[in-house]
Amino acid sequence: MKSNPHNRANGAASGVGNVNVASADGGDRARRESGRRQALREWLVSLPTLLWLFLFMALPTLLVFAIAFRPANPYGGIGPGWTLETVRGLWHSDYLLVAWRTLWISLLTTGLCLLFAVPSGYFIARVPGKWRNRLLMLVIVPFWTSFLVRVFAWKSLLHPDGPVKRVLESVGLAGPQTTLLYHPGAVVLVMVYTFLPFTILPIYAAAEKFDFRLVEAARDLGARPLTAFRKVFLPGIRRGLMTAVLVVFIPALGSYIVPDLVGGPAGEMLGNKIAQRVFVDRNLPHAAALSALLVLAVMAPLIAILALQRKKSKPDIIIGEAP
Amino acid sequence: MKRSRFPPVMTALVLVFFYLPILILVVNSFNAARFGGSWQGFSLAWYAQLFHSPEIWQAVRNTLVIAVSATAVSLVLGTTAAFALHRHAGSRLQRLHYTMIYTPLVVPEILMGISLLMAFVAAGTRLGLFTIFLAHVTFCVSYVAMVVLARLQDFDFSLIEAARDLGASGWQSTRRVLLPMLLPGLAAGGLLAFTLSVDDFVITFFVAGPGSTTLPLRIYSMIKFGSPALINALSTLLLAVTFTAVIASRKLARLKS
Chain A
1 MKSNPHNRAN GAASGVGNVN VASADGGDRA RRESGRRQAL REWLVSLPTL LWLFLFMALP
61 TLLVFAIAFR PANPYGGIGP GWTLETVRGL WHSDYLLVAW RTLWISLLTT GLCLLFAVPS
121 GYFIARVPGK WRNRLLMLVI VPFWTSFLVR VFAWKSLLHP DGPVKRVLES VGLAGPQTTL
181 LYHPGAVVLV MVYTFLPFTI LPIYAAAEKF DFRLVEAARD LGARPLTAFR KVFLPGIRRG
241 LMTAVLVVFI PALGSYIVPD LVGGPAGEML GNKIAQRVFV DRNLPHAAAL SALLVLAVMA
301 PLIAILALQR KKSKPDIIIG EAP
Chain E
324 MKRSRFPPVM TALVLVFFYL PILILVVNSF NAARFGGSWQ GFSLAWYAQL FHSPEIWQAV
384 RNTLVIAVSA TAVSLVLGTT AAFALHRHAG SRLQRLHYTM IYTPLVVPEI LMGISLLMAF
444 VAAGTRLGLF TIFLAHVTFC VSYVAMVVLA RLQDFDFSLI EAARDLGASG WQSTRRVLLP
504 MLLPGLAAGG LLAFTLSVDD FVITFFVAGP GSTTLPLRIY SMIKFGSPAL INALSTLLLA
564 VTFTAVIASR KLARLKS
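Note that the protein sequences, when read in sequence, are chains A and E.
Just so we're aligned, residue 1 is where the first sequence starts under this note's numbering, counting upward by one.
Just so we're aligned, residue 324 is where the second sequence starts under this note's numbering, counting upward by one.
Keep in mind the hints are simulated off the structure, nothing from the lab.
Cβ coordinates follow ideal geometry from the N, Cα and C atoms, glycine included.
Accuracy of the hints is not assured; some may be wrong.
[What the hints assert, rightly or not] Partner residues are not named here, just some residues of chain E that face chain A (Cβ under 10 Å, in silico):
| hint | residue |
| --- | --- |
| 1 | Phe340 |
| 2 | Gln363 |
| 3 | Gly364 |
| 4 | Ser366 |
| 5 | Ala404 |
| 6 | Leu452 |
| 7 | Leu502 |
| 8 | Pro503 |
| 9 | Met504 |
[To be verified] EDC-like cross-link-like pairs, simulated, lysine to aspartate or glutamate; straight-line CA separation at most 20 Å:
| hint | chain 1 | residue 1 | chain 2 | residue 2 |
| --- | --- | --- | --- | --- |
| 10 | A | Lys155 | A | Glu169 |
| 11 | E | Lys547 | A | Asp161 |
| 12 | A | Lys130 | A | Glu216 |
| 13 | E | Lys547 | E | Glu378 |
| 14 | A | Lys231 | A | Glu208 |
| 15 | A | Lys209 | E | Asp477 |
| 16 | A | Lys231 | A | Glu216 |
| 17 | A | Lys231 | A | Asp220 |
| 18 | E | Lys547 | A | Glu268 |
Assemble the whole structure, with the sequences as input and the hints as a guide.
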């Protein structure tokens, strides 16, 4: 907005240039001058964040990859020289097991979230305005509450003396020996609980823009309800589905709190292994190597989805859709 | 057309699933029983005990110091970035800028935590409140930038031109026209940054040092080693604070419109 007068002045200059051929060169220079000023101003307003994010995001990430190839020293720091030992150490059956568990827990969580979020998002998009806002609010409010508190709530629910166990025992689904906590199933359950609002919102946002007359048309043409849903509605909200997958699957891969509090050794994920290397045996290169692996695991689906979305339209996957 | 019963039933179940654990937690915070297995009478003992634990108040103080300073800095940085992204949209520099701002939104927190820890260790920075502040600004900037950018995209810039045509100087039109209209966006961005900072555990966990325990760190160690009843009470208080804040901000927003 500030440079509008410049643009206008520019326009005037080139207008003069049209009349007087000799001064066309001068108009050109003025335009170039103003373009340079524009570029300078762009750099000036972009530099603070670029610099900050370079220092505290890009550089540290590069550092993680570098430290993965450095030896550890006995004082919990980074030793001199370079080594391939740590990276080779990742090819250990223990880590392969944890990596595989991280992958299947994240996939299952994403799948279950979609399973619950699609009907909910669809329903919220179809109810009348006043109720729609209330329902949306009800979906949003839980994720305004502390993440740790929500995980803790489940930890006490699933506790051996907790209410879930007692209900299951009374209907004969659980014996006294059944453990609900410290099990990969508990991790999936609590992860679905914490991620579900993030899945419902983008699906609702896409369903709200969807033209439901298309489903009616399909029904009129003889499609069965489920077929109309699958062949018309789901492709129609494709972008919302992709966003939902993105905001669940990627953070799920890096989960730490949930498996740490309700997973136990049987439910450990890559995030727990990274934290153990940092806080238990203070081996930063080892933690760096594991983190580098996680970075690569996260990049693959991210790039795939961004490429898919770019093909369709602008890549504004999260703005305005998720919180 | 007959509508299926399945979506409303599923939505109801999802909402029960959302609220039941929180409800049980709140009820249990008034339970005299230490482990909440069964109801042993109404009690406010856990709240009383909470008010007499200095570590919790120290943690609250640390949390607020970090949240306020991180919100202030990320508000300035994020708004500047949003202006750059909006004003110069489409240039190569802004595409890079957008990618840099977008990345912290999708990268798992643990990666940001570990990479910042590595950077601080490599630079020899002492871990503490200052490193937590730096880390919090880093993830808050992106959220502020996105929220303010969304506002700017809705903003009708011809209003600024009108002000300029009517003789307002550049500064006047910014201060008297743009800023007031942008204020809800700034407030929303600031509120988001503040809540994210107050609630952050994972990143803080990695870059915290001795004496810089924040409230989430405190809650975490209470979950691991402390009494569940005390956490119930603390969680209920936190819930009350957030609910009040949400309702107040909704009321404010309604007053504006």
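A quick look at each hint next to the structure:
1. Phe340: 7 Å, holds
2. Gln363: Given a least distance of 13 Å, the restraint on glutamine 363 (chain E) is violated.
3. Gly364: 17 Å, violated
4. Ser366: Because about 17 Å separates serine 366 (chain E) from the closest Cβ in chain A, which is outside the 10 Å limit, the hint is violated.
5. Ala404: 4 Å, holds
6. Leu452: 16 Å, violated
7. Leu502: 12 Å, violated
8. Pro503: Result: violated, 15 Å to nearest chain A Cβ.
9. Met504: 12 Å, violated
10. A:Lys155 x A:Glu169: 18 Å, holds
11. E:Lys547 x A:Asp161: Roughly 17 Å between the alpha carbons, so the hint for lysine 547 (chain E) and aspartate 161 (chain A) holds.
12. A:Lys130 x A:Glu216: 24 Å, violated
13. E:Lys547 x E:Glu378: Distance ~16 Å between lysine 547 (chain E) and glutamate 378 (chain E) Cα, so the pair holds.
14. A:Lys231 x A:Glu208: 18 Å, holds
15. A:Lys209 x E:Asp477: 18 Å, holds
16. A:Lys231 x A:Glu216: With Cα atoms ~12 Å apart, lysine 231 (chain A) and glutamate 216 (chain A) stay inside 20 Å; holds.
17. A:Lys231 x A:Asp220: 14 Å, holds
18. E:Lys547 x A:Glu268: 16 Å, holds
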